[in-house]
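Since the structure of chain A is already known, use the hints to place chain B on it.
Order-wise, the sequence lines are chains A and B. Taken in order, the first sequence gives residues 1 to 259; the numbers are from this note's numbering. Taken in order, the second sequence gives residues 260 to 358; the numbers are from this note's numbering.
I should point out that these hints are in silico values taken from the structure, not numbers from a laboratory. The structure presented is a predicted model; accordingly, all values stated were derived computationally and were not measured. Any given hint could be a false lead.
Here are the simulated SDA-like cross-link-like pairs (lysine to any residue), alpha carbons at most 20 Å apart as the crow flies [what the hints assert, rightly or not]:
no.: 1; chain 1: A; residue 1: Lys23; chain 2: B; residue 2: Arg284
no.: 2; chain 1: A; residue 1: Lys23; chain 2: B; residue 2: Val280
no.: 3; chain 1: A; residue 1: Lys23; chain 2: A; residue 2: Pro48
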Amino acid sequence: MIIFWILAPLMVVCALGMVISRKAVHSALLLAVVMVSLAVLYAAQQAPFLFAVQIIVYTGAVLMLFLFVLMLVGVDASDSLVETLRGQRLVAILIGLVFVVLIVLGLAQTTVGTVVGLNNANLDGNVPGVAALLFSTYVFAFEVTSALLITAALGAMVLAHRERLTPKPSQRDVVRQRMRDYADRGLHPGPLPAPGTFARHNSVDTPALLPDGTPSQLSISRVMRSRGTVRDIAGDRSAIAEVEAETQAQTQALERSER
Amino acid sequence: MSPTPFLVLSALLFSIGTVGVLVRRNAIVVFMCVELMLNASNLAFVTFARTTGNLDGQVAAFFVMVVAAAEVVVGLAIIMTIFRTRRSASVDDASLLKY
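Bound-form chain A, shown alone:
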């Protein structure tokens, strides 16, 4: 059972990291490590069906759902470290330690007897064995599970559903609103200017230049402006000025030679 002694410390470290790490995405990834390791431990304990289910359901479905919600909520929604209840963290860790000591002492005092092993129960294969139990002894619980799953799906749909309070604006409404904005506030009714396309940069963080040489604020996404990731094209403008000066000099030289 070398696999256990390799995986067990890794799992404990990852679980601790999950609790400690401030970013929720890191927690989710560390939890994925713990879950895959658990699946391997199931396989090592003669439970190949649960090994597959653990990987498919937990690392496949549940963790993806977690990551999906994390992305929806905003990745950088990290925890604040300010304690709202004084000493709560310390007491919680103490309680956890007491809990560990209690369970481990309890485990140490019990005798588990001889390990029977599942070779006999897995004689026809693990999956048929589990299925035989599921559809005989536990068939009622299994049927109730279906009701639970349907309820959960319905509940999620009801909770995630958002009622539309205003009617959806049609194309006609959009045009009317634009013309009203133009009449009242003088806003440009056409589409916004595209980002700048230059020899060196044509990405969306490059602002377009207005005729007077200043960058157009409208050509850049509002998000980029507030994040401050708009490319500074002042250096490019000096390059443009250089090129212009050169061309001017050349034209002057040409004119002089013609005279």
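Here is chain B on its own, set in the frame of chain A:
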């Protein structure tokens, strides 16, 4: 191999999950810690199934997984709803049920 190391590992993971639930305030991370606790109990179930030599423990672990999946779906939907109304996923902000 003796089941005791597996059970001790299960206990450790469960306690780490408990501490996480008590300490963390991001609702999503609290949820992850609950998942860790459920997984730890599953490990104990599978270990006991091997010790006693019948598959009932594995069936129990299977049911725990089903319940956990349903719980995650509803829980994350609730977190989404809370986030939509108050722009935060912290469990401290949701101290009043109504407002």
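Checked hints:
1. A:Lys23 <-> B:Arg284: 12 Å, holds
2. A:Lys23 <-> B:Val280: 15 Å, holds
3. A:Lys23 <-> A:Pro48: It is violated: about 33 Å lies between the C-alpha atoms, which goes past 20 Å.
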